[in-house]
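If you want the building blocks of each chain, they are given just below.
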Amino acid sequence: MQRFYSTSQAAKFCQVSKSSVLRWIQEGRLKAATTLGGHNRIQAEHLINFLNELGIPAFEMFQQTFVPVKHVLIVDDDPDICALVKKGLSRLSAKMEFQIAHDGLQAGWKLSKFVPDLVVLDLHLPQVDGYQVCKLLRSEPTFKNTKILAISTYDQVKKEKILGLGADYFLSKPFKLQDIEETVRLLFEEKKPNSIRGEAA
Amino acid sequence: MSQSNSKTAVKVDRELKDLMPDFLKRRVEDVVAIFYALEEGNFETIEAVGHQIKGSGTAYGLPELTAIGALLEIEARGQNKEAIASLAKQISDYLDTLEITFK
Chain A
6 MQRFYSTSQA AKFCQVSKSS VLRWIQEGRL KAATTLGGHN RIQAEHLINF
56 LNELGIPAFE MFQQTFVPVK HVLIVDDDPD ICALVKKGLS RLSAKMEFQI
106 AHDGLQAGWK LSKFVPDLVV LDLHLPQVDG YQVCKLLRSE PTFKNTKILA
156 ISTYDQVKKE KILGLGADYF LSKPFKLQDI EETVRLLFEE KKPNSIRGEA
206 A
Chain B
23 MSQSNSKTAV KVDRELKDLM PDFLKRRVED VVAIFYALEE GNFETIEAVG
73 HQIKGSGTAY GLPELTAIGA LLEIEARGQN KEAIASLAKQ ISDYLDTLEI
123 TFK
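Protein chains in written order, with my numbering: chain A, 6 to 206; chain B, 23 to 125.
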C-alpha cells in the first residue's frame, strides 16, 4: 500500500486542482510533510481523515490504491493453465502479482523467497507433487494465512486427500476462466465457494 | 459448435484472444511430440500430453480437445499405438479446420 502521496496525486484522487490541495495544506486543514527538496507529501491516513471530515466520498480511483497487493503463486506444469489462471485473477484485481512454478521443486524455491496470499496448486506435478507442496505450506507457520486452491482433474480420493492436508478448496479441471475468477474472489472474501464446481475444506 | 465447408466453427470468450495463439501453437507441437514418442515407445510422455490437453481444452473453449486428451491418456496407459496415432491425427485435423470467433 502506498503510504504517501504528492499534491498532484492527491488532487487527482479528490478530482480537484493541485492548487486546491496546496491551499488546504497552507491553511493547515490537510496535514503534509515536506521533503528535503521542498515538496509536499501527504500521508494516506491524513488524506482519508481529511476527506471524511469534509464528507467527501473517497472516489473509486483513490479507494483502489488502498487495495493491498495480493501475491499469488501459480504452480502447474502446463503453461496454458498458468496463463489462464493468471488471466482470470488479473480480471479480479489489477493489484495482483504473480510468480509461476512449473514443478514442486520450483514452487519450494519460490516459497523460500516470498509468502504468497494464494497458491494455485496443481496436484499432478513432475518431481515433487502438489500434495508435498501443500504439506510444506501447512507445516510452516509463515504460511498460515496463505490460501491454497488445489486444481486437478476430478477424483474424489485426490480431493479428500488434498483437503485433508489443509488445502482451502479443490477446483476440478477442466475449469473455465469465470470459475477460477469466482472461486478466488470468494476465497479472498473468506467465503466458501460452494456454488462453484469443487469442494471446500 | 457447427460444421460447414469442412470448417469447425467455435465461439470462444474474447478474453482468451491473446492467449489462444500460444495455446494452439502448443497443441501443434503436441501432435509432433506424440508421433515422436510413439516411434520411441515413450507412452509416459504421451500420457502426460493427453493429461495436459484434457485439462486445458475446455478451459480454452475447446471441449473437443479435452475429450481427445482424455482418450489419449487412456490409450497411452494401454500402450495402444494405433489408437494413439488416430487420436493424434484427430487433433491435427481438428486444428486444421478450426475457425475461431471471439464473442
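Careful, some of the hints might be misleading.
[Unchecked claim] Subject to a maximum C-alpha distance of 20 Å in a straight line, what follows is the list of computed PhoX-like cross-link-like pairs (lysine-lysine): (1) 140/A <-> 115/A; (2) 181/A <-> 125/B; (3) 111/B <-> 181/A; (4) 92/A <-> 152/A; (5) 92/A <-> 29/B; (6) 166/A <-> 181/A; (7) 39/B <-> 181/A; (8) 92/A <-> 181/A; (9) 92/A <-> 103/B; (10) 103/B <-> 91/A; (11) 100/A <-> 140/A; (12) 115/A <-> 166/A; (13) 39/B <-> 92/A; (14) 111/B <-> 92/A.
Derived from the structure by calculation, the hints contain no laboratory data.
Pair hint residue 39/B and residue 92/A, alpha-carbon separation not exceeding 20 Å
11 Å, holds
Can you confirm whether the C-alpha distance between residue 39/B and residue 181/A stays at or below 20 Å?
14 Å, holds
Below or equal to 20 Å on CA atoms is what counts here, so check residue 92/A against residue 152/A.
Holds, at roughly 19 Å.
Between the alpha carbons of residue 115/A and residue 166/A, is the straight-line distance 20 Å or under?
Status violated; Cα separation ~24 Å.
Given the hinted pair residue 166/A and residue 181/A, is their Cα-Cα distance within 20 Å?
Given pair residue 166/A, residue 181/A is violated - Cα atoms ~24 Å apart, limit 20 Å.
Hint check: residue 100/A vs residue 140/A, CA-CA at most 20 Å. Holds or violated?
Given pair residue 100/A, residue 140/A is violated - Cα atoms ~28 Å apart, limit 20 Å.
Below or equal to 20 Å on CA atoms is what counts here, so check residue 140/A against residue 115/A.
15 Å, holds
Is the Cα-Cα distance between residue 111/B and residue 181/A 20 Å or less?
The given pair, whose Cα atoms are some 26 Å apart, is violated under the 20 Å limit.
Residue 92/A paired with residue 103/B [C-alpha distance capped at 20 Å]
Not satisfied, since the Cα-Cα distance of roughly 37 Å exceeds 20 Å.
For the pair supplied as a hint, residue 103/B and residue 91/A, confirm whether the alpha-carbon distance does not exceed 20 Å.
36 Å, violated
Is the Cα-Cα distance between residue 181/A and residue 125/B 20 Å or less?
Holds. Residue 181/A to residue 125/B sits at ~15 Å (cutoff 20 Å).
Tell me if the straight-line CA distance from residue 92/A to residue 29/B falls inside 20 Å.
Not satisfied, since the Cα-Cα distance of roughly 28 Å exceeds 20 Å.
Hint compliance for this structure: hints 3, 5, 6, 9, 10, 11, 12, 14 are broken, all remaining hints hold.
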